[in-house]
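Engineer: Sequence order for the protein chains is R and V.
Position 190 of the first sequence, counted from 1, bears residue number 190 in this note's numbering, the numbering being contiguous throughout.
Position 95 of the second sequence, counted from 1, bears residue number 95 in this note's numbering, the numbering being contiguous throughout.
Don't read these hints as lab results, they were simulated from the structure.
These numbers come from a predicted model, not from an experiment.
Worth double-checking, as some hints may not be accurate.
Chain copies aren't distinguished; within one or between two, either way the pair holds.
Calculated pairs, BS3-like style, for lysine-lysine (alpha carbon to alpha carbon, straight line, at most 30 Å) [what the hints assert, rightly or not]: (1) Lys257 - Lys133; (2) Lys356 - Lys60; (3) Lys376 - Lys166; (4) Lys289 - Lys56; (5) Lys145 - Lys245; (6) Lys136 - Lys103; (7) Lys328 - Lys207; (8) Lys167 - Lys363; (9) Lys56 - Lys162; (10) Lys358 - Lys145; (11) Lys94 - Lys243; (12) Lys289 - Lys328; (13) Lys328 - Lys49; (14) Lys328 - Lys84; (15) Lys27 - Lys358; (16) Lys356 - Lys84; (17) Lys167 - Lys356; (18) Lys49 - Lys289; (19) Lys245 - Lys289; (20) Lys289 - Lys167; (21) Lys133 - Lys356; (22) Lys56 - Lys167; (23) Lys133 - Lys162; (24) Lys257 - Lys145; (25) Lys200 - Lys94.
What follows is each chain in one-letter form.
There are 2 protein chains.
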Amino acid sequence: MRRAKTLNMPKGFRASGIASGIKDNNKLDLGLIISECPTVCAAAFTTNKIQAAPVKLSKKHLRRSNIKAVIVNSGNANACNGEKGYEDALLMSKSIADELNIKPWQVFTCSTGIIGYPLPINNICSAAPTLVKSLKTTGWSRFSKAIMTSDSVNKVTSIQIKMGGKKVTITGAAKGSGMIAPNMATMLAFIVTDAAVNEKDLKVITKDAVDDSFNSISVDGDMSTNDTVMVMANGAAHNPMPKSKSDDLLNFREGLKEVMIDLAKKLVKDGEGVTKFVTLEVNGAVSSKDARKVTKAVSESSLVKCSLNGSDPNWGRIIDAVGYSGAKVEEERVDIFFGESAAALGGVVASTPIGKLKREVSKKAFTIRINLNLGKASHRVFTSDLSEEYVSYNRLEYALKIQGN
Amino acid sequence: MRRAKTLNMPKGFRASGIASGIKDNNKLDLGLIISECPTVCAAAFTTNKIQAAPVKLSKKHLRRSNIKAVIVNSGNANACNGEKGYEDALLMSKSIADELNIKPWQVFTCSTGIIGYPLPINNICSAAPTLVKSLKTTGWSRFSKAIMTSDSVNKVTSIQIKMGGKKVTITGAAKGSGMIAPNMATMLAFIVTDAAVNEKDLKVITKDAVDDSFNSISVDGDMSTNDTVMVMANGAAHNPMPKSKSDDLLNFREGLKEVMIDLAKKLVKDGEGVTKFVTLEVNGAVSSKDARKVTKAVSESSLVKCSLNGSDPNWGRIIDAVGYSGAKVEEERVDIFFGESAAALGGVVASTPIGKLKREVSKKAFTIRINLNLGKASHRVFTSDLSEEYVSYNRLEYALKIQGN
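Isolated chain R (complex conformation) (with noise of 0.2 Å):
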C-alpha cells in the first residue's frame, strides 16, 4: 500500500466543480462526481433525529443499488425547508440526471451550510449543464474545492493498492471544520475507488471503517443534520471479485481504512480555530462503551479544551471528565499521561517537572493517554482545543448570512 504522490483518479471517474452563486464572489459550490461504468456504493449518514432533504432523498436512492452520479452544493445545507427543501433535492438530483441522460434516484445529492435558508434551486438548475461540461478524470481537487465550507483548505487523499495483481486505486475528499462530533459531524466525506467489490462486503467495510475514522474525531460535540459519508466503487481496475475474508478484501479495507483516518485527521487539523491535535487514548476500560464514554467526556469539556489552547497541563479537568463521563472508574487506578510523561498516576499528581509536561502539551501534535487500570477495552479519537477563534468565528453565521431588519 503506498500513498500517492499525486493526486490519482480511479480509472472511470470524472469529477468537476463549478461556482454557480450560492457563494458570493464566485467561489467554488457545486461539485459533481460520476462513474462511467455500473457501481456499488456504501453509505453512512448522521444519526440526528433532524436530517437535511437530501439525506432523507439519497436514503432512498441508495436502496435502489444503482447510482452513478454524486452531486453536492455549499453555501446551503437544504436542512429544516419543510416540503419545498424535499422537492428542491429531487430537482436537483433531476437536473444533473437529465444532463446525464440517467434516471433522478441514480443521483445522489448532498449539501452543506446553513440551516433553514431556501435553496436556491434555481442556480443549481441553471448550472447543470456547465457542471456536466466540466468533468474531468483530472477534476478531484476542484471537485474537493466545491464542496468547502468554512474550510479553510481542501481534504484530499488517494492511494494505491494492489488487488489480484492489479492497481486499485482509493481517491477520497472531505469537508468540515464546525459541527465535529463522535459519531459525524457537518461533515461530508466521498471516497471513490476502481475496485471490484461486491456490495455486502463494502457495506460491512464502510461501516468499520467509518467508526475508526469519522466516528472517532470530535471538535466542538456538534452533530448535523447533513453528515455523509459515501463510498463508490466501480470495478473498472478489472481485478477479480475479491472472496469474503480474502486477502485482497483484507488489504482493501486496510487502504480504505487509511484514507478515511487520512481525511478525519485533516478535518480536525482544519477545524475551526484549532491550533492543536490531539490523539487521546483511553485504556483499561471495563468495555469499549465505557472507554467511549471517556473520549467522549473529555473531549468534549471546554474547560479542557481551553487548557489544550493554553499549553496548559491541566490533568484535574481531564481527572474530573474522566469521572462524570459515566464509565466505571477507580479514582486510585487513574493514570494520565502527556506524550510518554505521566502527569498522574493512581489519581494523583505524578512526580514528573511541571516544565516537562509544559514542554510536551506546548507542542502542535501530541498524545493524551488515560489508563483506567480496570479492564481491557480501549478507544482512541482525535480532537482539539477551544479557542478564542472558534467563539469569533462562530459568532455571527446567521445574521451575517440573512440580511434585513
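With chain R fixed as given, assemble chain V onto it according to the hints.
Structural biologist: Frame of chain R, contents of chain V only:
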C-alpha cells in the same frame, strides 16, 4: 414571603471569613458557619465519580446527624490528593472542632479551587483560632466572600416567611462560575434557616429544590469533583414543628426553593465570560426525561452558545441540537421562539422579520422556548453564552498555579 432588603441572618447562627494565605494578596479564603443550637441538615453532592476528600468526609459526618459547624476553604479543591487529601480534610474539621469544643464529626467540610494540588493544611490549622474569634451574627457577607474562586461578586440572598405565626428567615450563599453543569457545578451553596423542621422533611424538600435550581443551570457543561449544597435548620425561630403536607411546610418549601433559584440565577449571571442570561424552556416533550435531554443538548452546544454571544438568532443550530439530543423529535412539529417571537414553526423558518429576532437576542436576558408538540412534559434551565473571554480566562489555570520548570 418577602425578599429582605438587608441581609438578615437567621437566629442562632454566626459566620466569619478570613484570609489564611491559601490565596495570594491577602484575599479571603477561609469561611465558617456555626449554629448555637442543635441543627438538622440535608445536603446534595456531586455525582462525579471522582470526588474530593472533603465530599467523602462530609457525607460520612452528615450520616451522624449532628452537624454544628461548616468550614470552607477556597483556592484549593483538595481533590485527587489521595490518602493525604483525606487526612488533610480530617485535620481541617478537627482544627475547627478543637476551637469550638465539639467533635470533628460535627463539622461539615468543603473545599473549592484547583484540583490535584496539596491542600495548604498548615495555613488552615493556624488560622482556625482567628476564624472562630471572628464569628459574628453579621458575618454572612464575609463568609460568602471567603468561598469565592473565579466569582466576580459574592452571591447571597435572604427571605423571610411566616411559619405558625413566627417569623422565619432563610439565608443563602453560593459560589461558582466555571464548571457549571446540570447535576451540579464547581459550585458550593450553603443555606441556613432558623425554621424548626424535621430532618426527613428537610431532606425531601432539599432534593426537590436542588433539582429545580442548581441542577437546572448550565454554563459550560463541566461537573466538578466538589459540588455541594448544604442546608442547616436550627429551629431558633421557635415555630411549632410543621406537620407533613401542612401549609407551613409547603410555605417553607417554596421559600427554600426561592432562595436556591435566586442563587442559581446569580451563578449563571456571574459565569466565566458570561454576557447573556438565557432561560431555556422546553415544552411538549413525551417525557420529563426527554425534555431534560433537549435542555441539556441545547444549553451545552458550543455552536448555540457562540450564537448567543453574537446576538445571532441562529435557530438552525438550536434545532440541530434538538435533533441529536436523543429525545423523541418530529422535525415538522418543532417550534422555536426567541422571547415571544417565533423563529421557526413546524420545523421551518417563521415569518417574523429577522430584525425583530435580532432585537430579542440582543437583550442581556431573554427566553428561548422550544415546543416539541409531542407530549406534555417540560423542563426549564438557566444558561449562558460562550465567549472569547471564557476561553482566555480558562487557558492557563494550572500553569499559573504550579510554578517550576
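Engineer: Work down the list of hints and note, for each, if the structure agrees.
Structural biologist: A quick look at each hint next to the structure:
1. Lys257 - Lys133: Cα proximity of Lys257 and Lys133: none, with 32 Å in one copy and 69 Å across.
2. Lys356 - Lys60: Close neither inside one copy (54 Å) nor across copies (39 Å); limit 30 Å.
3. Lys376 - Lys166: neither (39 Å within a copy, 62 Å between copies)
4. Lys289 - Lys56: both (29 Å within a copy, 28 Å between copies)
5. Lys145 - Lys245: The answer is neither: 36 Å in one copy and 67 Å across copies each exceed 30 Å.
6. Lys136 - Lys103: Within. Shortest intra-copy distance 21 Å satisfies the 30 Å Cα cut-off; inter-copy 84 Å does not.
7. Lys328 - Lys207: both (27 Å within a copy, 25 Å between copies)
8. Lys167 - Lys363: Classified as neither; 38 Å inside a copy, 62 Å across copies.
9. Lys56 - Lys162: neither (36 Å within a copy, 60 Å between copies)
10. Lys358 - Lys145: Intra 37 Å, inter 33 Å, cutoff 30 Å: neither.
11. Lys94 - Lys243: neither (36 Å within a copy, 73 Å between copies)
12. Lys289 - Lys328: both (10 Å within a copy, 23 Å between copies)
13. Lys328 - Lys49: Answer is both; intra-copy 29 Å and inter-copy 8 Å each pass.
14. Lys328 - Lys84: Between copies only: 24 Å across chains, 47 Å inside a chain, cut-off 30 Å.
15. Lys27 - Lys358: Result: close only across copies, 28 Å inter versus 41 Å intra.
16. Lys356 - Lys84: For Lys356 and Lys84, the Cα distance is within 30 Å only across copies (25 Å; inside one copy 58 Å).
17. Lys167 - Lys356: Intra 47 Å, inter 60 Å, cutoff 30 Å: neither.
18. Lys49 - Lys289: both (22 Å within a copy, 17 Å between copies)
19. Lys245 - Lys289: Result: close within a single copy only, 27 Å intra versus 44 Å inter.
20. Lys289 - Lys167: Classified as neither; 38 Å inside a copy, 54 Å across copies.
21. Lys133 - Lys356: Intra 58 Å, inter 45 Å, cutoff 30 Å: neither.
22. Lys56 - Lys167: Result: close neither inside a copy nor across copies, 35 Å intra and 63 Å inter.
23. Lys133 - Lys162: neither (33 Å within a copy, 83 Å between copies)
24. Lys257 - Lys145: within (22 Å within a copy, 55 Å between copies)
25. Lys200 - Lys94: Intra 28 Å, inter 69 Å, cutoff 30 Å: intra-copy only.
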